[in-house]
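Asks: Generate coordinates for the entire structure from the input sequences, incorporating the hints supplied.
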Amino acid sequence: MKQRRAFLLGNDLQVASGLAPTTTVLDWLRLNQRRTGTKEGCAEGDCGACTVVIGRLDGETLRYEAINACIRPLVSLDGCQILTVEHLKSPDGALHPVQQAMVDLHGSQCGFCTPGFVMSLYAMYLEAAPANVLQIEDALAGNLCRCTGYRPIIDAAMNTLGERGAVDMTSRSETARRLLALRADETIVIEHASGACHAPTSCDALADLLDVHPEATIVAGATDAGLRITKALEHFPVMVDLNRIKELKHVAETKDALIFGAMVDLNRVRRALGAMHPHLDELMRRFGSEQIRNSGTIGGNLANGSPIGDLPPVLIALDAALVLRSKAGRRALPLERFFLDYRKQDRLPGEFVEQIIVPKLPADALLHVSKISKRFDEDISSVCGAFRILLDAGGCVADARLAFGGMAGVPKRAANAEAALKGARWSMEAAVAAAGALSLDFTPLTDMRASARYRTSVAANLLRRFALETLSPHIATRVSGGLRTLADA
Amino acid sequence: MLEGLPQDRPRGGVREPTPHESAHKHVAGEAVYIDDIPEPADALHICLGLSQRAHAKILSVDLSQVTGANGVVGVLTARDIPGNNDVSPAGSHDEPVFAEDRVLFHGQPMFAVVAETRDAARRAVKLAQVNYEDLPALLDIASARAAGGACVLEGMKLERGDVVSSLAAAPMRIDGSMIIGGQDHFYLEGQIALAVPGEDEDVTVYSSTQHPSEVQHMVSHVLGVASHSVTVEVRRMGGAFGGKETQGNLFAAVAALAAKKFNRAAKCRPDRDDDMISTGKRHDFVADYKVGFDADGRILAADFLMAARCGFSADLSGPVTDRALFHCDNAYFYPATRAISQPLRTNTVSNTAFRGFGGPQGMLAAERVIEEIAFATGRDPLDIRKLNFYGTDDRNVTPYHQAIGDNIIAELVDELEVSSDYRARRQAIRAFNAASPIIKRGLALTPVKFGISFTATWFNQAGALVHVYRDGSVQLNHGGTEMGQGLHQKISQIVAEEFAIDIDRIRITATTTGKVPNTSATAASAGTDLNGMAALDAACTIKARLAAFIADRWKVAVETIEFCANAVRSGEHSMSFAELVGAAYMARVQLSATGFYKTPKIHWDRAAGRGHPFYYFAYGASVSEVSIDTLTGEYCIERVDILHDVGRSLNPALDRGQIEGGFVQGQGWLTTEELWWDDKGRLRTHAPSTYKIPVASDRPRIFNVAFAEWSENREPSVHRSKAVGEPPLMLAMSVLHALSDAVASVADHKFCPRLDTPATPERILFAVENMRARAAGMSP
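Sequence order for the protein chains is A and B.
Read in my numbering, the first sequence has 374 at position 374, and its numbers run on one by one without any break.
Read in my numbering, the second sequence has 214 at position 214, and its numbers run on one by one without any break.
These aren't lab readings, by the way, just hints derived from the structure by calculation.
Quick caveat: nothing in here was measured; it's all calculated off a predicted structure.
What follows is a set of in silico ranges between Cβ atoms, one per label pair, in the way DEER data are often shown:
1) 776/B x 439/A: 20 to 26 Å
2) 175/B x 135/A: 48 to 54 Å
3) 58/A x 431/B: 49 to 55 Å
4) 680/B x 133/A: 39 to 45 Å
5) 473/B x 133/A: 39 to 45 Å
6) 379/B x 445/A: 41 to 47 Å
7) 93/A x 126/B: 41 to 47 Å
8) 12/A x 134/B: 53 to 59 Å
9) 58/A x 129/B: 47 to 53 Å
10) 10/A x 126/B: 32 to 38 Å
11) 117/B x 93/A: 32 to 38 Å
From the three backbone atoms N, C-alpha and C, an ideal C-beta is built for every residue, glycine too.
Replies: Structure, rendered in structure tokens:
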């Protein structure tokens with residue numbers, strides 16, 4: 001049993017001990033290391049001022065990604081490299097190209113968000129990520145700037161990422177070698193007065209652990225649990241960190257389905273699901289932010305049971321199933337039956353979500369996903385609608401799965417609306433009839449995101465949008481198409 | 001002799017697009033904000049205990065568990081205040097540091113926990129046991145009006161002509177009302193203060209504030225010591241936007257209290273949620289208007305009642321609501337007019353300064369009136385706007401009886417109308433909308449005229465302190481604060497220009513009350529106008545001494561002395577600036593000077609509603625094109641064209657940054673930034689997860705920004721520049737009007753959508769539904 005965690009801060013080996021398992025990367029950097037370039041703006045992973053770049057091994061390949069340091073427990077970065085804004089200058093003091101472009105193009109005003117922007121751009125730079133305007137906007141959706149209006153930052157990104165030099169691969173392979181040497185197979189256990197943290201490396205070990213500690217708080221990407229730390233000031237008596245379990249990070253494909261390990265991060269989910277249907281890619285593009293998608297996982301998004309999570313409606317529409325695992329064995333459960341009540345799921349003591357099985361779209365299926373929120377990017381949906389219908393040879397609805405988020409205490413199918421569709425010829429009239437039945441399915445709430453009336457109207461209109469987009473594709477139904485101009489439209 | 005000396009201009013004088021002085025430090029993570037300052041040994045950390053009720057009697061506060069908690073050093077309550085328990089910037093004694101008998105809003109500070117770590121302080125706060133007896137709470141404008149309309153201070157009235165009879169006589173008349181939402185500043189760096197105790201009664205407070213002198217005075221009042229014992233310093237803020245004009249006072253006072261009580265350094269940094277819950281925001285308003293006009297759409301009379309939710313205390317609500325009235329004309333002449341403000345007291349957080357300072361709300365009311373007239377007459381709103389613009393020689397008197405002497409709005413709008421291709425795009429959008437049943441486009445051009453000066457005349461003064469050292473390097477201090485706007489850069493450019501030396505020879509220091517006293521807030525867009533002139537004055541004083549000295553040494557007339565390119569010259573004589581300074585020192589020439597400036601011409605009589613409150617006006621205009629989705633209310637800003645007047649720009653790069661940034665901030669105010677309180681008076685949008693400021697993809701897809709290059713300030717402002725901090729925010733009004741135009745298209749532009757703000761997707765969808773219902777002949 002290993003009792004300490006080891007990682008690289010830049011090129012310096014760090015062995016963290018004596019810290020509460022809930023210590024965040026940001027607090028460790030600022031308070032313990034006095035590296036104050038990384039800022040706290042919100043402590044909830046929404047503003048990006050705390051963005052750092054993490055190098056981690058994917059197999060034997062080193063990958064760099066931006067994450068929010070504010071909500072990420074340091075203990076979850078065992079075996080990783082942490083890079084902060086202070087690491088970017090070259091030894092002679094010259095700014096890195098992404099930094100220099102921000103200076104030259106006036107990309108900073110008050111400067112407080114700037115280190116976070118620099119690190120988001122640096123991650124793109126290191127990964128040679130594609131960099132057209134839309135991709136840069138996506139990569140920066142998790143970085144708020146209140147001063148500039150963003151134009152100069154986008155210009156700086158375009159300038160730098162468009163003409164970047166070769167990334168120094170020698171230092172990268174050396175880093176990979178050092179991180180490989182840090183790898184260990186045994187469970188890490190950290191004991192601290194505030195609580196213990198266990199980090200197993202296999203599902204078997206995890207099942208054994210949860211059998212002994214069924215009350216444990218399971219932490220994956222910590223994009224939700226991190227807020228319990230920073231906002232609710234929770235300590236977890238027993239925390240179980242899943243980040244070292246490689247077998248939970250696999251995506252497998254069968255003839256009929258994609259099978260995701262619970263720890264597959266949301267950017268990988270985007271790549272896998274996005275290939276299935278453009279609406280799935282668009283939904284995942286707008287899921288949180290780049291930083292959140294790099295940390296957050298498919299299992300975490302389902303298991304935390306939020307009524308407004310982005311994945312549950314679409315996965316219910318796709319008829320996904322969960323594999324729940326415990327020491328006693330496995331059981332499969334249709335996802336829609338997992339959500340029992342507000343924040344209450346059908347997960348027995350000692351169980352964890354091991355896999356998510358997502359059936360591929362049947363050839364004759366029509367799929368539609370719409371996420372509606374106050375702001376397009378990096379927002380929580382007020383209503384999310386995900387619809388899959390199967391048409392028979394005569395163009396009539398043979399099967400309908402209409403799932404909604406934001407309309408009830410749990411993500412839920414619209415049984416009455418589905419019934420209204422079934423057997424009907426797929427048409428605007430049928431969609432309108434189904435929309436009319438939604439009032440039997442849902443009595444949504446009014447809250448800070450939307451009123452009940454808006455949710456009701458939009459839910460109905462999303463069925464109209466679905467009909468229009470499938471039946472009258474020449475009619476424009478979206479405003480968020482990127483750089484469309486009047487001439488293109 | 002001239003050989004070897006640079007002939008060219010020194011680097012970084014005025015009008016050069018130099019980067020922000022801290023840009024390099026920003027991108028390297030080396031710029032020091034207050035939370036980055038190494039803490040003195042044994043520094044303490046403070047967390048405020050906030051009221052959990054909107055309006056209640058405090059029956060008991062039991063802090064025994066708090067004081068017994070791990071790491072807690074002590075607590076602070078009203079009883080620990082040796083001086084006055086008040087940080088009201090208005091002098092109205094209505095803003096306690098700690099509530100005593102009653103709490104007046106949900107989130108009001110009641111006590112503070114002082115602990116060894118911030119974490120310990122935050123945890124301990126939760127252990128307080130408070131018993132309340134709830135009292136009726138007035139949470140919004142409607143309920144405050146219904147309860148009798150008690151105000152935080154007396155409202156103002158502006159009046160010119162006989163509005164009542166002019167309205168009655170007008171051929172056409174519309175009455176209406178508009179709800180205008182508030183806005184959180186969402187500065188990325190939250191409120192923070194670090195206090196370090198000194199000997200005797202001394203304390204030094206590092207405060208993230210736009211107004212160090214006020215923090216100094218507040219801290220001295222709360223501690224009960226003279227101002228000379230309190231030094232307040234700020235190098236930079238991580239954004240402010242008005243939110244740190246007065247709102248930093250309380251945090252600084254609490255930090256100073258703890259520092260003196262425990263004789264240890266003490267830091268108070270609320271987390272984002274506490275910051276948003278407990279500090280003031282832009283005022284939300286209800287604007288009631290009555291307008292009379294003729295068949296062409298020419299306004300004959302306009303009557304406004306501007307009601308504002310001020311919150312539990314006056315704070316800056318007086319001047320904010322005043323400025324709303326000063327701007328309810330925007331760029332339009334009202335032959336007869338009346339405007340009355342109603343600064344309502346409510347049981348919510350005390351609203352405060354925010355970029356534009358009431359002006360935006362007043363101007364939105366003016367633009368709504370224009371829109372109403374356009375729909376009533378069936379004319380393009382731009383034609384109604386142009387018809388009603390202020391004249392230059394006649395039709396140029398404002399509701400406050402100041403004649404506008406520098407009006408350029410007509411030329412500016414004409415130029416933008418052409419450069420933005422407004423008329424052709426109007427036609428193209430008609431065609432687009434006819435062919436597009438779901439997505440609708442909208443277009444609007446709105447003008448901006450914004451009065452520059454503090455309406456409190458005495459604030460229009462500034463000081464500076466310039467030191468020239470023996471090596472020819474210059475240290476520059478002035479009373480303004482740096483919050484990202486590039487003030488320090490601009491003032492360094494002004495001083496570099498005056499001494500004709502490279503800008504890197506000038507170092508600007510943190511703003512501190514110890515160097516320049518009795519400063520005004522860096523606010524009202526006036527930072528450069530005031531402090532730039534004061535710094536220029538100080539530089540001129542030293543330069544005159546140097547010139548007199550060297551003229552005497554060279555035996556030439558002082559008028560022949562010329563400073564250029566890091567040197568001083570006269571005929572055949574030449575010497576580098578550094579040599580000159582070294583020689584002057586040896587000759588015992590004083591190389592340090594203060595500078596001072598006060599804005600001329602201005603005066604204001606609030607009771608009479610008459611005067612000359614503004615030194616000059618800044619102008620601008622923008623054209624926005626949007627598309628909306630009539631099924632969901634979602635929208636996108638397709639294109640924005642801006643033409644803005646900065647006079648003769650001191651730094652085009654920084655000015656463009658203010659224009660673009662101000663526009664996007666204004667866009668957020670009018671679209672996605674929604675403050676939402678529940679029925680208990682709890683703000684539920686108190687973090688970025690729920691409060692949505694624009695992100696990168698929200699910026700206009702096409703964003704054309706130009707200066708009115710031909711404009712210069714007609715008043716002798718510093719290098720004939722114009723203030724640029726606030727005016728661009730209001731350029732975003734064209735977004736709201738373009739959205740409204742798109743909404744109106746679903747009913748063939750027959751009805752005015754009367755879109756309230758923020759125009760969230762929800763509001764857009766409801767407005768579309770309303771238009772369709774009206775078009776179908778149903779009641780509105």
